[in-house]
Amino acid sequence: MSTGTTGTGVEISRAEVCIVAMAEVFRGDGEILANPIGLIPVLGGRLARATFEPLLCCTDGEARLIADDVTFPGPESPGGLTSGEGKTVEYWNPYRSMFDWVWSGRRHVVMGATQIDRYANQNFAAIGDYSQPKVQLLGYRGAPGNTLNCTTSYWVPKHGPRVFVEKVDTVTGVGWDRATALGLDGPARFFEVRQVVSNLGVFDFATPDHRMRLRSLHPGVTVDEVVAATAFELVVPDEVPESRLPTPDELELIREVLDPTNLRSTEVPG
Amino acid sequence: MSVGEKLLGEEDVVGELRSGMTIAIGGWGSRRKPMSIVRAILRSDLTDLTVLSHGGPDLGLLCAAGKVRKVIYAFATLDTIPLEPHFRRARESGAISDEPLDEGLVHLGLQAAAWRVPFLPTRVGLGSDLVRDNPSLRTVTSPFDDGEELLAMPAFRLDAALCHLNRSDARGNAMFLGPDLYWDDLMLQAAPTGGRFISTERVVPTGQLASEGCLHQLRISRMMVDGVVAAPNGAHFTACAPDYGRDEAFQKAYAASAASPEAWDAFRAEWLDLSEADYQGKVASS
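Line order of the protein sequences matches chains S and Z.
For the first sequence, the numbering used here puts the final residue at 270, and the numbers step up evenly by one.
For the second sequence, the numbering used here puts the final residue at 1286, and the numbers step up evenly by one.
Calculated directly from the structure, the hints in this document are not laboratory data.
Remember, predicted model here, so these are calculated numbers, not experimental data.
C-beta atoms are modelled at their ideal positions from N, C-alpha and C, and glycine is treated no differently.
Hints may contain errors.
As the list claims (entries may be wrong) - No more than 25 Å apart at the CA atoms, straight line, and that leaves these computed lysine to any residue pairs for SDA-like:
(1) S:Lys167 - Z:Thr1206
(2) S:Lys134 - Z:Ala1095
(3) S:Lys87 - S:Val257
(4) Z:Lys1070 - S:Glu267
(5) S:Lys87 - Z:Gly1213
What the hints assert, rightly or not - Counterexamples of contact, computed for chain Z against chain S with all Cβ distances above 12 Å:
(6) Thr1077
(7) Pro1100
(8) Leu1130
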């Protein structure tokens, strides 16, 4: 089942719309490290660089920045992900170097979120009381430092009321209300949570008090569907545009170069 | 041994450790972990440890074996299995306490300890619940005209550091040959003299080090190391690029043993209640 068609009648999948939406979050970023984490975000970052943001730097998920548009790596293996084989390496970027980019602001990260609230406070550390959680997840990882220092966007592959929650159990990634309280012209002056992309639509914070706003709907998705899948009150403009469809060139890049084995459909079906 | 040689065995390292110590473990996730030393700790009567780690199966095994009182961590993962199952179990059952951190704060806590300053200032952590969940964190006001309030990341107070490197000489000059050193050098610099131990895939003459890789990979100096354990395949079952990859089948069996106490007992009896030599022999023939 497709979620849209181009002017020439080519069927476009929901995953492909999500990849374009993910690419769009990097628009205007210039010569910085695009650091999308996860399949759809990585494909989006690579697509942005291959088209309208040619100066972006991209990692191979390990210790290298790579200059070419290789396909998304498969399972890690000796000589595979950990080797430079088949990649055009432009910089050695061990984990520790990441802080040079984050703390200087030369990075735009896309993280996941197990929970996210209306101000984009994000949680992927633990569900329940942090001191003895019901479910232990990854931990704080780099979320506090990312959000206070570099541009941050989020990717949610399954939009639902248990993800888009009224209140997150633990604030790992800082949201707009907390950043405002810290001082957007003071300690939080490098804060920018830009957009949230889900399998249903695109969301931003272009409201007076930085509450989450429905920015666009993916083709075939209704406002009611998004509202029902969101546990907090979303700002919904009178007119909500449709998310941009891939151009024929973008579609060819996605299908022939970036993801020829269609891994994208395993993350976002339809 | 000639002057400055520091070769010893895993059990000798354990003999230098005490219950209640704070120990940093090098590597990252399920990559280049000093597993042979971890296995020796599992066989010992050490207990009540505080473990600082970019957590992988080192952390999970020590938690599962009841060796851990507290964890200082930013994450725990097995890489190809996103969440560390034994660590999850320990956290969810309340068996351990923890000090959560951002990865960058781990970096700063190690650097502060290595440089012997009480803290390093940063913006990392402000506004997040780290300040709620980690009581060791404080804020500090810049003494300069900006007057900015920053987070003060305290220096870690380590008793020991354990790392696994690809090559070393007998005196502790060592190198990584894979893509990333991780935080191994800083962990060794942050730990006190007498508590800094490395294991290595291969001990080579000092004169051979430069030809084992490139100059820039020679990042561990003997000034950072008190003991060297020759441990071929010592990082098993974690990845040790380029010498070997992760033993994914073994890791799956390890992860599955978190399903129940019985499963853990069976895994422990089969793989952990035996000497390192017997373990390696069994791995080689399985």
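Results for each hint:
1. S:Lys167 - Z:Thr1206: Violated - the C-alpha atoms of Z:Thr1206 and S:Lys167 are around 58 Å apart, more than 25 Å.
2. S:Lys134 - Z:Ala1095: 13 Å, holds
3. S:Lys87 - S:Val257: Holds, at about 14 Å.
4. Z:Lys1070 - S:Glu267: Violated, because 36 Å separates the two Cα atoms, which is more than 25 Å.
5. S:Lys87 - Z:Gly1213: 20 Å, holds
6. Thr1077: For Z:Thr1077, whose nearest Cβ neighbour in chain S is about 7 Å away, the distance does not exceed 12 Å, so it is violated.
7. Pro1100: 5 Å, violated
8. Leu1130: Incorrect as stated: the minimum Cβ-Cβ distance to chain S is 5 Å, not above 12 Å.
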